[in-house]
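Number of protein chains: 2
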Amino acid sequence: ALAAPAVAQSAPQIKWRIASSFPKSLDTLYGGAEVFAKAISEMTDGAFTAQISPAGELAPGLQAADAVARGRADACHTSSAYYLDKDPAFALGAATPFGPNARQTNAWLRSGGAEMLDELYARFDLVGLACGNTGAQMGGWFRKDVNAVGDLQGLKIRVSGLGAQVFAKLGAAPQPLGGGDVYPALEKGEIDAAEWIGPYDDQKLGLYQVAKNYYYPGWQAGGPSVQLLIGKAKWEALPARYKAIATGAAAIANETMLARYDAQNPRALRELVAAGVKLKPYPKDVMEAAYKASQEVYAELYQKSPAFKKIHEAQAAFRNEDVLWFRVAELPFDVFMAQMQSRG
Amino acid sequence: ALAAPAVAQSAPQIKWRIASSFPKSLDTLYGGAEVFAKAISEMTDGAFTAQISPAGELAPGLQAADAVARGRADACHTSSAYYLDKDPAFALGAATPFGPNARQTNAWLRSGGAEMLDELYARFDLVGLACGNTGAQMGGWFRKDVNAVGDLQGLKIRVSGLGAQVFAKLGAAPQPLGGGDVYPALEKGEIDAAEWIGPYDDQKLGLYQVAKNYYYPGWQAGGPSVQLLIGKAKWEALPARYKAIATGAAAIANETMLARYDAQNPRALRELVAAGVKLKPYPKDVMEAAYKASQEVYAELYQKSPAFKKIHEAQAAFRNEDVLWFRVAELPFDVFMAQMQSRG
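Residue numbers (the working numbering), protein chains in the order written: chain L, 4 to 347; chain R, 4 to 347.
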């Protein structure tokens, strides 16, 4: 290294308040903001820090972005899919039924996707950074078998985001419930089914004790991105160096959350199966009907939201290209490894 | 934000020399170091920078780590699989036949894998940061069809890393050739086949002009990680803040390289197919024979290198758990999306 004398740099002391959409008990999701906060502090010797508030402290979890709008927080760590009432295009920052998987999402974000989303977010005085991903989720917990699409008729299912609109087209009755309300509703039979996240988080909610059938895959969320949505004025007030540091910290958090899920889900899945959970693939006709219904939902959203149309068309075109490529190299490799393992 | 008066922080001026193992023409691989260098500079307002030298300038590409050992570079951006002569365990930092895919590699690195590799690297006065990934590679270019494992008998194939040892067990005659030598050797018939990377990079080498059969998947490299190997003394001389910044910059580069491959490979694949390339899956018996041979190679390496045994056992155990989990959520989702797309 060529070392020259150190220079003195001005380091503004900035402490962000981050409103998390998640409770501390969902440690992997909540931890995304903690990883981000630790990284910005380490990268600035404590000059740029963040204090994280769990869901409910500055705002209800599903309204964390409103804490930013009201100036109670500088940023929120959240799922943009919670804000469909602002514009349905917010779903495209997080997850859409039959959308890109986690890796395709990251690739799209770094290929112009992030800029398209920031145009949307700017209308609400927000700036976004991808700050975590859960990987493909599970389909959910069902009290009774789902043998055909007809079994969804009248089914009360807890499901969030655009997945709810797809389930509605299939004849189900989607119920919006927060995490804490899912177990009691399922236990009392007020709902028949519930999707949540995946084995590690689902195990914590204890849903397997009241619904034994665990369906896969989670077509409603094939690779959901978790966002840091930052107040635009707060972002613009950062020195350029801190913006770069926040970007690097978000990249660490983005990869770390997915890595933690990939490390934690296998054991949870084993334990769930040992506890009597019945793992079942969605029947083919359910998958195909849901796919078809999702296309109808998208066609309707194209009419309602020009932003949804513009961003979804770009994202779907990118995803289609990647699916083509994954059919050649990634999938045959992964499928072969799965076959070798299933032989024991 | 709670803003307090800015403090003055001492910012040492540090300029690293990074020896790349790659030529500038392989812009996605080479670009990993450029993304890293841009990020550290932006995060320090230009106090911590890096100058990158392409393969051949400070050391031959396959010996970039030696430039670090000899003090000609502070770090190298390379594939640790180039240094099997130091210890075969170096392969585990990059890619092994039938090893983890890109996402599983990242998850393992962040679940104790990076620390295990750093123990290995420390024996050679190096510290490692994951700084890119190509995703699953292609099997390679073959002048003649491969219909059965017997067709590999005596086949002269350009292949690097542990994949070469597996091909040797299958009766082939692996040839170590640098990137620039592959096309002429294949054109003159000095070799019969060559694996390189994937559509985007392979297209640049023009291999399709002299070998039309393009086999998949690249079982020799299902998700190769690219490393920044840093001189241990240079790393330890960094202020804690710069270490955190380098870690963040590497995370950006790690994700960006994979994203670029995922964005660029689909178009290159289309163009190759339009140019008459014949895409072919490896026959099942070739895949299974290669898998079996890889297990034999690993058993032999366990005898030769305690580090290989220790790290490979840990990596394989993690990978096996992830493959189990991917069989439930990720793969069925990805396979369904591929099926929908193949219907057009």
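Don't take every hint at face value.
What the hints assert, rightly or not - In the DSS-like style, the derived pairs of lysine-lysine whose C-alpha atoms are separated by at most 25 angstroms in a straight line are: (1) K27/R with K41/L; (2) K41/L with K312/R; (3) K295/R with K41/R; (4) K237/R with K235/L; (5) K246/L with K207/R; (6) K18/L with K281/R.
Said to hold, decoys possible - Just so you have them, the derived chain R footprint on chain L, three or more residues with Cβ under 8 angstroms: (7) 14–23; (8) 101–108; (9) 170–179; (10) 182–192; (11) 253–260.
Bear in mind the hints are in silico, worked out from the structure with no lab data behind them. Just so it is clear, CB atoms sit at the ideal spot from N, CA and C, and this is done for glycine as well.
Hint by hint, here is what the structure shows:
As the CA atoms of K27/R and K41/L are separated by approximately 35 angstroms, the hinted pair breaks the 25 angstroms bound. Under the criterion of a C-alpha separation no larger than 25 angstroms, the hint pairing K41/L with K312/R is inconsistent with the structure, at around 34 angstroms. Our distance criterion of 25 angstroms between C-alpha atoms is broken by K295/R and K41/R, whose separation comes to about 43 angstroms. For the proposed pair K237/R and K235/L, the alpha carbon gap of about 38 angstroms is over 25 angstroms, so the pair is violated.
Between K246/L and K207/R the alpha-carbon distance is near 36 angstroms, which puts this suggested pair outside the 25 angstroms criterion. For the hint linking K18/L to K281/R, the alpha-carbon distance of about 57 angstroms lies beyond 25 angstroms, and the restraint is violated. With a cut-off of 8 angstroms between beta carbons, the segment 14–23 of chain L has 7 residues touching chain R; three or more are needed, and the interface restraint holds. Residue count for the segment 101–108 of chain L with a Cβ under 8 angstroms from a Cβ of chain R: 5. That meets the three needed, and the coverage hint holds.
For the segment 170–179 of chain L, the stated coverage by chain R is violated: 0 residues have a C-beta nearer than 8 angstroms to a C-beta of that chain, whereas at least 3 were required. Counting residues of the segment 182–192 of chain L whose beta-carbon sits less than 8 angstroms from any beta-carbon of chain R gives 0, not enough to reach three: the coverage restraint is violated. With a cut-off of 8 angstroms between beta carbons, the segment 253–260 of chain L has 5 residues touching chain R; three or more are needed, and the interface restraint holds.
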